[in-house]
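Number of protein chains: 2
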Amino acid sequence: MKIIRRDQIERILPSLDLMPEIEQAFQAYSKGRAVVPPVGELLLDRGEVHIKYGYLKQQQHYVIKIASGFYEDQAMKQMSSNGMMLLFSQKSGQAVCALLDEGLLTNVRTAVAGAIAAKYLAPERVDKIGMVGAGTQARLQLSYLKPVTSCRKVMVWGTSREELESYRLDMEQEGFDIKSTMDIRELQQQCRLIVTTTPSKTPLLLSDYLQKGTHITAVGSDTPDKQELDPKILGKADLVVADSMEQCLLRGEIHQAIKAGLLEKHQMIELGHVISGQTLGRESMDQITVADLTGVAVQDLAIAEAVYKASQA
Amino acid sequence: MKIIRRDQIERILPSLDLMPEIEQAFQAYSKGRAVVPPVGELLLDRGEVHIKYGYLKQQQHYVIKIASGFYEDQAMKQMSSNGMMLLFSQKSGQAVCALLDEGLLTNVRTAVAGAIAAKYLAPERVDKIGMVGAGTQARLQLSYLKPVTSCRKVMVWGTSREELESYRLDMEQEGFDIKSTMDIRELQQQCRLIVTTTPSKTPLLLSDYLQKGTHITAVGSDTPDKQELDPKILGKADLVVADSMEQCLLRGEIHQAIKAGLLEKHQMIELGHVISGQTLGRESMDQITVADLTGVAVQDLAIAEAVYKASQA
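In the order they appear, the protein sequences are chains P and E. Under the numbering used here, the first sequence has 11 at position 11, and the numbering climbs by one with no breaks. Under the numbering used here, the second sequence has 1146 at position 146, and the numbering climbs by one with no breaks.
So here's chain P without its partners, still in its complex pose (with noise of 0.2 Å):
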């Protein structure tokens, strides 16, 4: 078995080029091609553990992907995410490779799954990026949605004026114009494109103060009780896309929405349609989209393989 560090994954990373990777991921899952059982999860006092496993047939590897969120302090604030990917033999159950990346692959794969959601989603013209919160994942999906808008303005929406400022410093060095705010009404009315990455389990976007012409991706809610969203937006939206109706059901911002009896199967459709062009994404400037990003083993494959692959070379 070969095992893969985060440093050298660090290293392999700027190299991958993950979007074509992960939109045939998803399409090959949407297809009927994957096999994903339901996500295995162990609750700790501290923290949780998310196993997500799969495979896609007649290929090589099945990945099982372990990724972890952790408090790290008493006062349960400040979160960690830890965990790993492993790839084995679809012939022999043999361990093939084994990366060590601490929860960075799984970071990654979603805020690459959060561009390509914006590649066939989002408006057009987007003046501002709204990111809801400060953390790890919002600062990789702004970095990882440099290829699919040229929007450099961004509003921030925080809890905590340390944290905001510090996204500020950092995402300036990346190039992008950042302004902070604590007023998720100033964020929603400015921006047309909004990205939610927080471990929230009550409503922070409003329906109240929805704009016409709004694409949001929802990153932040994993499980069956957490949400970022009032479920009123996804009964309002025109288009809601689950990257896999399967998990939708049972976790995220779909799950709570159909809870809420403002959403019914039938109303959805899955990213790897829309990628695929089998389903319509946007179709006008005015529209209302959602997408509900839970996390698909296939990504998991998808980003292990590339850098595995990567390894080799």
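Everything labelled a hint here was simulated from the structure, so no lab data went into it. Some hints could be false.
What the hints assert, rightly or not - Computed cross-link-like contacts, DSS-like style, restricted to lysine-lysine with a CA-CA straight-line distance of at most 27 Å:
(1) E/Lys1201 x P/Lys91
(2) E/Lys1236 x E/Lys1201
(3) P/Lys201 x E/Lys1091
(4) E/Lys1002 x P/Lys2
As the list claims (entries may be wrong) - Coverage of chain E stretches by chain P, computed from C-beta distances (three or more under 8 Å per stretch; other residues unrestricted):
(5) 1080 to 1086
(6) 1218 to 1224
(7) 1260 to 1274
What the hints assert, rightly or not - Some residues of chain P that are not near chain E, with every Cβ distance over 10 Å (derived):
(8) Pro14
(9) Leu43
(10) Ser80
(11) Met84
(12) Ser92
(13) Gln94
(14) Lys153
Being a predicted model, the structure only gives us computed values, none of them experimental. C-beta atoms are modelled at their ideal positions from N, C-alpha and C, and glycine is treated no differently.
Mind docking chain E on chain P? Use the hints.
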């Protein structure tokens, strides 16, 4: 993260006294001190993968165990096991140790559980041990039975003369007196301690040949469809013991017997309660007892911890 490879594990294993460790694990589990989510399962063309995971509350680590069985040949006859065990910190989610056991520790903890079941449930006097199956697990079960019975006479049942002969040669070297049979009736008539170790999906042990005073430990079936015992055997038994009540309702022999309407939940007890003495085990020489061992994550945790600890010494 510490990495322990299979050759190191093989060197460490003989020095470990695993029975008390795994007895404690079963007791803690039955006392409700463990968190063990449902088993994750991945089915492939030529094999299956089980992911078992969990932890004991207020302890140091949680375990994620990956174990697979794959057919090595196109004819789907020879199966090989593989996998690894991973220990993580309960406080931070950090990976502490990867035990690259290739399935060995799963095989061993299963054999130890078999010995524990025999210790508490087999009749005091056993003149001959009946082993159903002649593969790796059938070898390990016998080895680990040594400390709990003085009986060294064994009848082994199998479907391949070659396999039976190879089993005889191997186990005679370990001091057993081995007789082979391809007639399950002969085995059931002569043996009062029977261990079943095959991946069969149709009953091998038959209710018609069941003798008074027999104890059966069934370790082969760990899925909803595998089955080695005629479910009537569980119906007739005076005592049916589950390693995990929750798990045995979904997989293994108990699951089959309940599905067939021959057993009810209240007729079963849990192994951890027998070990702790909270419920009685065998009460007379004449009783028929069945232990259904589907394999519980707390066993994986116990053996992984023991090997990890020994590796630090």
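Hint check:
1. E/Lys1201 x P/Lys91: holds (22 Å)
2. E/Lys1236 x E/Lys1201: holds (21 Å)
3. P/Lys201 x E/Lys1091: holds (22 Å)
4. E/Lys1002 x P/Lys2: Answer holds: E/Lys1002 to P/Lys2 is near 15 Å, not above 27 Å.
5. 1080 to 1086: Three-residue rule met by the stretch 1080 to 1086 of chain E, so holds; n is 6.
6. 1218 to 1224: violated (count 0)
7. 1260 to 1274: violated (count 0)
8. Pro14: holds (25 Å)
9. Leu43: violated (7 Å)
10. Ser80: Not fine: 7 Å to the nearest Cβ puts P/Ser80 too close to chain E.
11. Met84: violated (6 Å)
12. Ser92: Given that some Cβ of chain E is not farther than 10 Å from that of P/Ser92, nearest at about 5 Å, it is violated.
13. Gln94: Non-interface label fails for P/Gln94: nearest chain E Cβ at 6 Å, not farther than 10 Å.
14. Lys153: Given a closest Cβ separation of 36 Å, the condition holds.
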